[in-house]
Amino acid sequence: MTAAISLTGVGRRYGSRGAHHALAGVTVEIHSPSIVGLLGRNGAGKTTLLRVLAGQDFATSGRVSIFGAAPAENDAVLRRMVLIREDQTYPDLKVRHALAAASMFYPSWDAELAATLLDAYELPAGRAIKKLSRGMRTAMGIVIGLAARAEMTLFDEPVAGLDAVVRDMFYEHLLADYTAHPRCILLSTHLIDEVADLLERILILDRGRLVLDALADDLRGNAATVTGPTGSVERFIADRTTLSCRTLGSRTTAVMAGRLDDRDHELAELLHLDIGHLTLQQLAMRAADSDARTALTSVGAA
Amino acid sequence: MRTTPVLTVARYLLLDRVTYLVLPWAWSAFAFGLDVAIIELTPHGDGGDHWTGGLTAAFVVVFVLGVQAVARALPFGLALGVSRRTYFLGAAALAAALAICFGAVVAAGQAIERATGGWGIRMAYFRVTDVLDGAWWQSWLTASTAFLALFAYGMWYGLVHRRNGLPGTAVFAAAQGAVLALLAAIVTWAHDWSRIGHFLAADATDAIPAVLAGLAVLLLAGGLAAVRRLAV
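Read top to bottom, the protein sequences are chains A and B.
When you line the first sequence up against numbering that gives the first Met the number 0, it's residues 0 to 301, in that order.
When you line the second sequence up against numbering that gives the first Met the number 0, it's residues 0 to 231, in that order.
Hints were generated in silico from the structure; no laboratory data involved.
Treat the hints with caution; some may be incorrect.
Here are the simulated lysine to any residue pairs, SDA-like style, with alpha carbons at most 25 Å apart [unchecked claim]: (1) Lys130(A) - Arg71(B); (2) Lys93(A) - Trp118(B); (3) Lys130(A) - Val21(B); (4) Lys93(A) - Arg10(B); (5) Lys130(A) - Glu156(A); (6) Lys130(A) - Ala30(B); (7) Lys129(A) - Ala163(A); (8) Lys129(A) - Glu150(A); (9) Lys130(A) - Ser107(A); (10) Lys129(A) - Met103(A); (11) Lys129(A) - Val66(B); (12) Lys129(A) - Leu181(B); (13) Lys93(A) - Lys130(A); (14) Lys93(A) - Phe62(B); (15) Lys93(A) - Val66(B); (16) Lys130(A) - Val170(B); (17) Lys129(A) - Phe198(B); (18) Lys129(A) - Ala110(A).
For the chain A half of the interface with chain B, some residues (derived, Cβ under 8 Å), not all of them [claimed, not checked]: (19) Gly17; (20) Asp74; (21) Arg84; (22) Thr88; (23) Ala99; (24) Phe104; (25) Trp108; (26) Ala110; (27) Leu112; (28) Ala114; (29) Arg148; (30) Leu247.
Computed footprint of chain B on chain A, listed as stretches where at least three residues anywhere in the stretch have a Cβ under 8 Å from a Cβ of chain B [what the hints assert, rightly or not]: (31) 46–54; (32) 166–174.
Note that the Cβ used here is the ideal one computed from N, Cα and C, for glycine as well.
One chain only, chain A, in its complex shape (with noise of 0.2 Å):
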């Protein structure tokens, strides 16, 4: 089955010498339907990757492939994406416009849904564009992202500026409309934990380059923190795979990869230790680390 996303070494560089490295050897599939989670830094090139995907941008190396065929100026590829960014220039257009223009362009807009989700967002349709709010224009893009029923949706920090009770709306919303209407999803944010339970799988992008591809499944519970007596810390993590160790007076905080089973939690009771589980979140930070990712990544497909 042809992968609806294809990248073989693909880089952008800028600069008048192609000196800063936006993507570096990005090589990944995804096949739909799919939600993926594309986390990463500021400035890590989660962005770029999306443009390139949706062929706003350029790669200046490799291959790109969305559905079997090359994106850029490819209308028959593109017509079946849509790409929601966070900094989305929009022309002198109301709400109602904007959404009349996705309407035209989508031949599987849900008018219906977007009607919903208008009213949900509490968005006004009679005003203009430039006079929302930050959060009101990330909600249109959301609205838009969703009645789309583009086959490919990307969205570029679709929560932004959104508060808390209206973020847990659209996850809500997402996985709604994902459930009834699978398709590829690939979005990109910085609340990963908020969205962890959305994700199938992550990818992690560090400075240009892909560190981390994982089914979130095998991340969750991949890695722990012990905590307590530094003799009995050292104890417990000899001979296994530690990410990070930190020592508070008598105290030590390890990070271990790996899954702990029933034995392991026995010791650590009988040695007085606690044990926590890193988050999406907490593994997002270490998975930069390259002797991390390698010890999170083994374990995990182990």
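Dock chain B against chain A, hints included.
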């Protein structure tokens, strides 16, 4: 009803009907009122026509429409799954349709102007001496090609602005200013101003539509090539 992608782009741009259809003529009407007021308030001369140049307002707005069609409307169009090529062709198709209609407005305005003795005050609002002063079809052709060329020229400014920002746009404008100044210097040096004057007086009405049409085609063809490498 589903239309071809090029026509869909034109429909997308026309969602902002006020800007594309009303604004050029609202500004033109404002300039018309201003010209009438000025003619009424200034002493009457020797009985000749009062040439105003107020119609320029409509042409300037069409230039601005071209700028914003690329600088502001293009990125959202691309976000909605349109290729640059399709978008540019759609915008150019809309520009051509608008130019034909707006040219007809100018020709009709000119006919009324002639029939009413310059709106009763000998005002030449829809006429420009030696340039837009021929038969109705010549005026229609000249105005239409001028509208199209200005829209295309505006799209170029939009392209440069999206690619190089305000500094790039300023350099772009300054470079054209420098070229024009150089041409003026060459014409002055060659003592050719009188020949240009003779050309405008004798042949301009026939030649200008062809020159403007050629310019519009060049601008659109160049713009299409440039937009295809534009990152947004």
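Hint check results:
no.: 1; hint: Lys130(A) - Arg71(B); result: holds, 15 Å
no.: 2; hint: Lys93(A) - Trp118(B); result: violated, 38 Å
no.: 3; hint: Lys130(A) - Val21(B); result: holds, 22 Å
no.: 4; hint: Lys93(A) - Arg10(B); result: holds, 15 Å
no.: 5; hint: Lys130(A) - Glu156(A); result: holds, 21 Å
no.: 6; hint: Lys130(A) - Ala30(B); result: violated, 29 Å
no.: 7; hint: Lys129(A) - Ala163(A); result: holds, 23 Å
no.: 8; hint: Lys129(A) - Glu150(A); result: violated, 29 Å
no.: 9; hint: Lys130(A) - Ser107(A); result: violated, 29 Å
no.: 10; hint: Lys129(A) - Met103(A); result: holds, 21 Å
no.: 11; hint: Lys129(A) - Val66(B); result: holds, 18 Å
no.: 12; hint: Lys129(A) - Leu181(B); result: violated, 42 Å
no.: 13; hint: Lys93(A) - Lys130(A); result: holds, 9 Å
no.: 14; hint: Lys93(A) - Phe62(B); result: holds, 23 Å
no.: 15; hint: Lys93(A) - Val66(B); result: holds, 20 Å
no.: 16; hint: Lys130(A) - Val170(B); result: violated, 31 Å
no.: 17; hint: Lys129(A) - Phe198(B); result: violated, 48 Å
no.: 18; hint: Lys129(A) - Ala110(A); result: holds, 23 Å
no.: 19; hint: Gly17; result: violated, 14 Å
no.: 20; hint: Asp74; result: holds, 5 Å
no.: 21; hint: Arg84; result: holds, 7 Å
no.: 22; hint: Thr88; result: holds, 4 Å
no.: 23; hint: Ala99; result: holds, 6 Å
no.: 24; hint: Phe104; result: holds, 4 Å
no.: 25; hint: Trp108; result: violated, 10 Å
no.: 26; hint: Ala110; result: violated, 15 Å
no.: 27; hint: Leu112; result: violated, 17 Å
no.: 28; hint: Ala114; result: violated, 18 Å
no.: 29; hint: Arg148; result: violated, 12 Å
no.: 30; hint: Leu247; result: violated, 48 Å
no.: 31; hint: 46–54; result: holds (count 3)
no.: 32; hint: 166–174; result: violated (count 0)
Hint compliance for this structure: hints 2, 6, 8, 9, 12, 16, 17, 19, 25, 26, 27, 28, 29, 30, 32 are broken, all remaining hints hold.
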